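*Asks:* Take a look at the letters that make up each chain.
There are 2 protein chains.
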Amino acid sequence: MPATRRPIDRFYSVIPAGGVGSRLWPLSRADAPKFLHDLTGSGQTLLRDTWDRLVPVSGEQRIMVVTGRAHRAAVEKQLPELADRNVVLESEGRDSTAAICLAAAILERREPGVIIGSFAADHVIPDTELFAEAVSEAALAADAGYIVTIGIRPTEPAIGFGYIQASAALAIEGAPSALTVEKFVEKPTLVVAKKYLESGEFLWNAGMFIARADRLLEELGRSEPALLAGIQELAAAWDTPERGAVVDRVWPNLKKIAIDYSVAEPAARAGALAVIPGRFRWDDIGDFASVRKMQSGGRASDLVILGEDARILSDASSGIVVSQSKRVISLIGVKNIVVVDTPDALLVTTTANAQRVKSVVDALKLSGGDDVL
Amino acid sequence: MPATRRPIDRFYSVIPAGGVGSRLWPLSRADAPKFLHDLTGSGQTLLRDTWDRLVPVSGEQRIMVVTGRAHRAAVEKQLPELADRNVVLESEGRDSTAAICLAAAILERREPGVIIGSFAADHVIPDTELFAEAVSEAALAADAGYIVTIGIRPTEPAIGFGYIQASAALAIEGAPSALTVEKFVEKPTLVVAKKYLESGEFLWNAGMFIARADRLLEELGRSEPALLAGIQELAAAWDTPERGAVVDRVWPNLKKIAIDYSVAEPAARAGALAVIPGRFRWDDIGDFASVRKMQSGGRASDLVILGEDARILSDASSGIVVSQSKRVISLIGVKNIVVVDTPDALLVTTTANAQRVKSVVDALKLSGGDDVL
Numbered sequence: 006m007p008a009t010r011r012p013i014d015r016f017y018s019v020i021p022a023g024g025v026g027s028r029l030w031p032l033s034r035a036d037a038p039k040f041l042h043d044l045t046g047s048g049q050t051l052l053r054d055t056w057d058r059l060v061p062v063s064g065e066q067r068i069m070v071v072t073g074r075a076h077r078a079a080v081e082k083q084l085p086e087l088a089d090r091n092v093v094l095e096s097e098g099r100d101s102t103a104a105i106c107l108a109a110a111i112l113e114r115r116e117p118g119v120i121i122g123s124f125a126a127d128h129v130i131p132d133t134e135l136f137a138e139a140v141s142e143a144a145l146a147a148d149a150g151y152i153v154t155i156g157i158r159p160t161e162p163a164i165g166f167g168y169i170q171a172s173a174a175l176a177i178e179g180a181p182s183a184l185t186v187e188k189f190v191e192k193p194t195l196v197v198a199k200k201y202l203e204s205g206e207f208l209w210n211a212g213m214f215i216a217r218a219d220r221l222l223e224e225l226g227r228s229e230p231a232l233l234a235g236i237q238e239l240a241a242a243w244d245t246p247e248r249g250a251v252v253d254r255v256w257p258n259l260k261k262i263a264i265d266y267s268v269a270e271p272a273a274r275a276g277a278l279a280v281i282p283g284r285f286r287w288d289d290i291g292d293f294a295s296v297r298k299m300q301s302g303g304r305a306s307d308l309v310i311l312g313e314d315a316r317i318l319s320d321a322s323s324g325i326v327v328s329q330s331k332r333v334i335s336l337i338g339v340k341n342i343v344v345v346d347t348p349d350a351l352l353v354t355t356t357a358n359a360q361r362v363k364s365v366v367d368a369l370k371l372s373g374g375d376d377v378l
Numbered sequence: 006m007p008a009t010r011r012p013i014d015r016f017y018s019v020i021p022a023g024g025v026g027s028r029l030w031p032l033s034r035a036d037a038p039k040f041l042h043d044l045t046g047s048g049q050t051l052l053r054d055t056w057d058r059l060v061p062v063s064g065e066q067r068i069m070v071v072t073g074r075a076h077r078a079a080v081e082k083q084l085p086e087l088a089d090r091n092v093v094l095e096s097e098g099r100d101s102t103a104a105i106c107l108a109a110a111i112l113e114r115r116e117p118g119v120i121i122g123s124f125a126a127d128h129v130i131p132d133t134e135l136f137a138e139a140v141s142e143a144a145l146a147a148d149a150g151y152i153v154t155i156g157i158r159p160t161e162p163a164i165g166f167g168y169i170q171a172s173a174a175l176a177i178e179g180a181p182s183a184l185t186v187e188k189f190v191e192k193p194t195l196v197v198a199k200k201y202l203e204s205g206e207f208l209w210n211a212g213m214f215i216a217r218a219d220r221l222l223e224e225l226g227r228s229e230p231a232l233l234a235g236i237q238e239l240a241a242a243w244d245t246p247e248r249g250a251v252v253d254r255v256w257p258n259l260k261k262i263a264i265d266y267s268v269a270e271p272a273a274r275a276g277a278l279a280v281i282p283g284r285f286r287w288d289d290i291g292d293f294a295s296v297r298k299m300q301s302g303g304r305a306s307d308l309v310i311l312g313e314d315a316r317i318l319s320d321a322s323s324g325i326v327v328s329q330s331k332r333v334i335s336l337i338g339v340k341n342i343v344v345v346d347t348p349d350a351l352l353v354t355t356t357a358n359a360q361r362v363k364s365v366v367d368a369l370k371l372s373g374g375d376d377v378l
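As given, the protein sequences belong to chains A and B, one line each in that order. If you read the first sequence in the working numbering, its first letter stands for residue 6, the second for the next number, and so on. If you read the second sequence in the working numbering, its first letter stands for residue 6, the second for the next number, and so on.
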């Protein structure tokens with residue numbers, strides 16, 4: 006049993022809670038995004054799981070949540086301990102750079118020298134202690150001036166993730182695992198992913214970034230000076246009566262860009278990006294095949310059923326049914342089936358096609374199906 | 006163009022409208038049986054199609070409907086021309102012998118010497134004129150004293166139907182197609198069905214029976230005298246103030262037996278059964294694979310969609326979706342799929358498994374799922 010962990014010095018966790026999780030439609034959608042669902046069977050939402058994982062790392066007074074105005078009530082219900090000053094509300098999504106760097110800029114003004122770590126609201130990390138150890142190392146590397154990411158050791162040649170190529174060890178005191186990052190690479194083809202896996206040099210990019218706030222903003226200023234200027238203007242007004250007016254004027258005009266492109270890739274090219282290989286299990290449960298796998302404990306042959314009131318009659322030996330009603334759902338002679346039954350939308354597919362669910366969402370956007378998105 | 010057909014002399018049509026159509030669950034069910042659905046795309050229910058097909062044969066004043074009390078309003082809405090005296094209401098289903106022979110007994114008392122023809126409420130026969138010709142021949146053979154059935158020429162080695170083995174021609178004036186029936190056979194295996202098809206001697210049993218009412222009751226009395234006695238008691242009270250009391254006392258105790266077993270098989274053994282080979286197309290659309298086939302005009306590759314308000318997003322090139330709501334239904338990467346979406350029950354299966362739907366209904370009966378049956 007590990008001793009109770011002391012929060013990391015000068016550390017602040019940031020949880021950008023914004024993504025809908027389109028590949029989990031129609032369960033995940035604008036008014037019920039992925040982070041507000043229990044997809045692991047833990048009995049609580051992914052957001053709450055994330056919070057509970059971060060409390061030992063930073064302390065509950067030092068977790069900032071960046072989320073949409075529409076989700077404020079749901080987030081506060083999930084996280085009653087969340088202090089008002091640690092909530093950043095977005096009037097509209099402007100991608101991860103705006104969300105994370107605004108949090109960094111606000112925190113740097115409040116507490117110069119702060120180190121922030123940004124962690125998705127909807128990922129699954131069962132090994133809390135190993136996670137905390139990795140963040141501790143990352144914070145030390147960040148304090149030394151690096152932009153730090155935590156990479157995940159690949160267990161299969163996944164094509165749904167970006168990869169990070171690591172190389173030489175960095176000699177940072179207290180962060181013995183830290184490696185230099187050679188490059189960030191986009192989601193690969195299966196052939197390329199297999200090579201990555203064999204090489205042993207590549208880690209999955211799980212979107213975790215740890216940095217001193219000042220260093221993060223400095224790197225952003227190199228690649229996106231206009232975006233940094235807007236963020237600094239917002240941060241300067243944040244804890245003043247001007248906040249509302251400045252947000253209304255500035256926020257909608259911020260460039261939409263992922264932090265991978267605005268900060269991490271340029272930092273990697275400049276030799277300023279470090280990676281800590283995480284030794285913990287991790288899953289982004291990006292689609293219903295992942296949900297099934299997680300809920301079945303890895304068994305291939307079970308039909309997983311989500312939904313407290315589900316009434317399922319099935320001879321299916323594999324697949325997943327998500328039921329949001331008391332309707333009887335009957336499955337006959339179907340294999341590896343995915344059925345997601347919500348009040349206004351029904352999805353029928355197979356685990357092999359689970360990644361393609363996003364295409365339905367795209368089609369609905371184009372065809373006036375916003376009412377079910 | 007055929008001339009307007011004159012109704013057949015002394016002929017009465019009987020429509021037993023009772024079967025739920027379990028293999029079409031959850032579309033067909035106790036309170037919305039198969040005959041109250043439009044499964045052909047004709048724009049009207051199968052019951053109304055049946056009525057329209059029988060009017061030229063017997064005239065609209067000479068069609069009797071035997072149905073459950075629960076369906077009275079729906080039947081009368083479908084058939085506003087149906088006279089009150091031509092409605093026989095069952096307090097509970099007692100199988101086809103009770104339904105058809107009670108109609109025969111009532112009609113024989115009202116009009117001695119009447120010939121009745123019994124035709125299912127939920128079969129599809131597009132060739133109305135060829136059907137009427139077959140019934141005309143059958144009525145003449147019936148008038149000569151035979152119990153007559155109209156058999157369907159098999160187009161495939163179906164295992165879902167019973168078969169009729171025909172042999173020598175009967176020399177009946179006006180009924181040149183009439184053949185002696187060798188035997189009735191139950192639903193065969195595929196191997197046996199193929200032999201039947203090759204032999205050319207076998208016809209499908211479509212449950213159509215034509216007979217003089219007195220002869221029908223005479224044959225019933227030979228095999229099931231107690232059942233006949235109950236039916237005669239009911240018929241004697243039918244057009245009197247005693248009807249209600251006698252129905253309450255007698256009807257629930259009538260033996261449940263299909264007319265195939267109580268009349269047709271014994272008559273076949275006694276050489277009293279004749280068959281007219283129908284030259285018309287016929288389908289009992291017994292499952293969703295049949296519905297799909299019928300609605301697609303025989304094309305194998307189309308996704309058939311039933312439901313006026315259906316909102317379907319699909320890359321499926323084959324199968325059938327039945328939608329009773331405005332819910333979005335999305336199908337990704339599924340083939341030969343069957344999705345039936347009703348307010349309280351959802352079925353997901355494949356066309357190859359469509360016959361197995363009845364097993365779900367059986368399971369629901371055993372497991373307290375009556376609310377959706």
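Worth flagging that the hints you see were computed from the coordinates, not collected in a lab. Honestly, I wouldn't trust all of these hints.
Any copy will do: because identical chains look the same in the list, a pair fits if it lies in one copy or spans two.
[To be verified] Here are the computed lysine-lysine pairs in the DSS-like style, where the Cα-Cα straight-line distance is at most 27 Å: (1) K82 x K340; (2) K261 x K298; (3) K370 x K200; (4) K331 x K192; (5) K331 x K188; (6) K200 x K260; (7) K82 x K200; (8) K192 x K260; (9) K340 x K370; (10) K298 x K340; (11) K188 x K370; (12) K192 x K82; (13) K363 x K340; (14) K261 x K331; (15) K260 x K298; (16) K192 x K261; (17) K340 x K200; (18) K82 x K260; (19) K260 x K370; (20) K340 x K260.
Just so it is clear, the structure is predicted and the values come from calculations on it, not from any experiment.
*Asks:* Since the copies are identical, ignore which copy is meant and state whether K82 and K340 lie within 27 Å (CA to CA) inside a copy, between copies, both or neither.
*Replies:* neither (38 Å within a copy, 42 Å between copies)
*Asks:* At most 27 Å between alpha carbons: which applies to K192 and K82, within, between, both or neither?
*Replies:* neither (35 Å within a copy, 61 Å between copies)
*Asks:* How do K298 and K340 come out at 27 Å by Cα distance, when the copy is not named: within, between, both, or neither?
*Replies:* Both ways: K298 and K340 sit 15 Å apart in one copy and 23 Å across, limit 27 Å.
*Asks:* Since the copies are identical, ignore which copy is meant and state whether K331 and K188 lie within 27 Å (CA to CA) inside a copy, between copies, both or neither.
*Replies:* neither (50 Å within a copy, 48 Å between copies)
*Asks:* Please sort K82 with K200 into within, between, both or neither, judging by C-alpha distance up to 27 Å.
*Replies:* neither (45 Å within a copy, 69 Å between copies)
*Asks:* With identical chains treated as interchangeable, where does the CA-CA distance between K261 and K298 reach 27 Å or less: within a copy, between copies, both, or neither?
*Replies:* neither (33 Å within a copy, 50 Å between copies)
*Asks:* First find the shortest C-alpha distance between K331 and K192 inside one copy, then the shortest across copies, and answer within, between, both or neither for a cut-off of 27 Å.
*Replies:* Neither: 39 Å inside a copy, 37 Å across copies.
*Asks:* Since the copies are identical, ignore which copy is meant and state whether K340 and K370 lie within 27 Å (CA to CA) inside a copy, between copies, both or neither.
*Replies:* Answer is between; shortest inter-copy Cα gap is 25 Å, intra-copy 30 Å.
*Asks:* Using 27 Å as the alpha carbon limit, work out where K363 and K340 are close: within a copy, between copies, both or neither.
*Replies:* both (21 Å within a copy, 19 Å between copies)
*Asks:* First find the shortest C-alpha distance between K261 and K331 inside one copy, then the shortest across copies, and answer within, between, both or neither for a cut-off of 27 Å.
*Replies:* Result: close neither inside a copy nor across copies, 41 Å intra and 35 Å inter.
*Asks:* Reference check for the pair K192 and K260, CA-CA at most 27 Å: within, between, both, or neither?
*Replies:* Answer is within: at 23 Å inside a copy they meet the 27 Å cutoff, but 70 Å across does not.
*Asks:* Are the CA atoms of K192 and K261 at most 27 Å apart within a copy, between copies, both, or neither?
*Replies:* For K192 and K261, the Cα distance is within 27 Å only inside one copy (20 Å; across copies 66 Å).
Violated hints for the displayed structure, listed by number in ascending order: 1, 2, 3, 4, 5, 6, 7, 11, 12, 14, 15, 17, 18 and 20.
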